[in-house]
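Q: For this one, chain R is given, so just place chain L on it according to the hints.
For the record, the sequence lines run as chains R and L.
To convert, note that position 509 of the first sequence is 508 in numbering that gives the first Met the number 0; the numbers rise steadily by one, no gaps.
To convert, note that position 41 of the second sequence is 40 in numbering that gives the first Met the number 0; the numbers rise steadily by one, no gaps.
Honestly, the hints are just simulated from the structure, not real lab data.
Do not take every clue at face value.
Pulled a few chain R residues facing chain L out of the computed Cβ check, cut under 10 Å [what the hints assert, rightly or not]:
{"no.": "1", "residue": "F238"}
{"no.": "2", "residue": "R267"}
{"no.": "3", "residue": "D269"}
{"no.": "4", "residue": "Q468"}
{"no.": "5", "residue": "A476"}
{"no.": "6", "residue": "S477"}
{"no.": "7", "residue": "K482"}
{"no.": "8", "residue": "A485"}
Small disclaimer: the values here were computed from a predicted structure and weren't measured.
Ideal Cβ placement from N, Cα and C applies to all residues, glycine included.
What follows is the residue order along each chain.
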Amino acid sequence: MPRSLPDIVRAHAQSDPERIAVTLGSRNCSYGQLWQEVLSFADWLKQSGFKAGDRAAIILANCPEAVVACYGTWMAGGIAVPLNAQARPRELAPWLRHCDPAALIHEAGNADIESLLDTMDAPSLRVVVGDKTDQTSAPDWNEVIAARTRPIAVVSPLEADDSPAMILFTSGTTGNPKGVTLSHRNLASNAASIVQYLELSASDSVVSTLPFYYAYGNSVLNTHLAAGGRIALELNMVFPHAVVETIARERVSGFSGVPSTFALLLSRVDVGRHDLSSLRYITQAGGPMSVATTRRLLAALPHARLFVMYGQTEATARLTWLPPGMLSRKIGSVGRAIPGVEIEIRSEGREPVGTDRIGEVWARGDNVMLGYWRDEAQTSQVLIDGWLKTGDMGRIDADGFLFLEGRRTDMIKVGAHRIYPKDVEEAIAELPGVAEVAVVGIDDELLGQIIKAFIVRSDVSSVDAMSVQAHCRARLASYKIPKHVAFVEALPKTASGKLQRRALVEAAVKREES
Amino acid sequence: MDELQQVRNFILKNFLFSEDEGSLSNEGSLIASGAIDSTGVLELIMFIEETFQIKVDEEEMIPDNLDSVEKIIAYVHRKSVSKG
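Pulled out of the complex, with its shape left as it was, chain R reads as follows (with noise of 0.2 Å):
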């Protein structure tokens, strides 16, 4: 059984407790003091009531505290469930509802939250990092890690198994939640072959965009957390500049980043005015990047290796990767499986196809997700016989490498961010005046996908675009509002019924080009 992330790190910190393991700014966090605050919070936890199995909300923006509090839930015996910072509170509501956790950790002054605890059973526990502004009575975070008055007990190690240690929420408003849960033998392994192929050691460090609530942003902390080494927190690609000044500045030697990162790099920085020649690697996931960018990325970076990789939460991150030194060879591939990772492509009635012909894309390893939270009809329709049905379509060719060619599912990706269009639809569909609604993600050069929403009024003097937009704003995080909004006589559908999104888009497309 392999180690587990709090048994690694915990080895970090007694045999370097000065190395650095997370900068945030001018903030610098080393391994001992990681290890110290998260066996406080561990330690406060418990005090308080906290038992194994419990589960802690965490909605924290990228930062310190959000990987203290995670790694300290585990010692508490607990699950950590980090949640969207950015979410609003229709979004929280039925997240918290489901996983129903005994704690919660969030930022001081988040209204939306205060607002939300006042309509729901709020957790028992509540702990507020950062300065408190409101008259809340929860315990502030400073005063919880300096309340440990005795000496923590020797914590036996976590072993690497079945147990659950983490959920994360892939959608879900008012409909079903889908909350990956997965074991720390998920976390250990995936993270195990992360850095076995990324050649990770304990002099890497990365600046890394990409929230710890999400799958990939995730598996950046925990990889180089096991390896020893830096993360290097920037929370946004707001202003690239200061991303790229950061690299330079902190000499790292990795980058993350999904497609929108490396577009919006290229597109607003002279990349070549600053040395970066410290990249050892950059990492990209999070869908497909165009050939084009990642030729430009190529040709702005010549001395990193460019590793494209594919995964999805269901999988923990990471199912597969593309070797740098095939990037030219085999460009538009996401690569071979990772260690300890079956792939195969598979017929609508599940028999493996042969080389090249499409079908659906079946995995296998010990990274694959225990399930979703509390929902097993959900979780067997993907978790089948030992194997993870990815819902992704694609080929794999002579040579082993698999092609991905598109999705089974109408979910859209903007950015970094996933949205399934019935979540942005239920909210428009409440606005007085709309009929009925569909929302599609159409292509775009900076995002991958933008969201076009079309609207069918009922009274067509009440809505206007902006009014569906402050409607979105109101209710929804801000990259689920729709960037146009169309408004059409009828919707198109099958002679059953059912929508046609397929059309829509296309018609977007007509749009944009007339």
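A: Coordinates of chain L only, in the frame set by chain R:
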């Protein structure tokens, strides 16, 4: 219309989808409030360049220049003076 009102109108219409002047403070962070994101800032830069006839240089695309209405106005003034 003065520069302040032009900037406010642009942000209200394009990022807050509102005509309510009270929904936008001049000093509040546009990023922390979720008003602008990585593509929003690109739209903001295009607006500043077109409206005020200035070139936003790469190293000027930083929070100190663009993260609030006040900061945008101060930046536009500095650029206009240096343009001379």
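Q: Does each hint hold? Answer for all of them.
A: Do the hints match the structure? See the list:
| no. | hint | verdict |
| --- | --- | --- |
| 1 | F238 | 6 Å, holds |
| 2 | R267 | 7 Å, holds |
| 3 | D269 | 6 Å, holds |
| 4 | Q468 | 4 Å, holds |
| 5 | A476 | 8 Å, holds |
| 6 | S477 | 5 Å, holds |
| 7 | K482 | 8 Å, holds |
| 8 | A485 | 16 Å, violated |
When the structure is compared with the earlier hints, a violation turns up for hint 8 alone.
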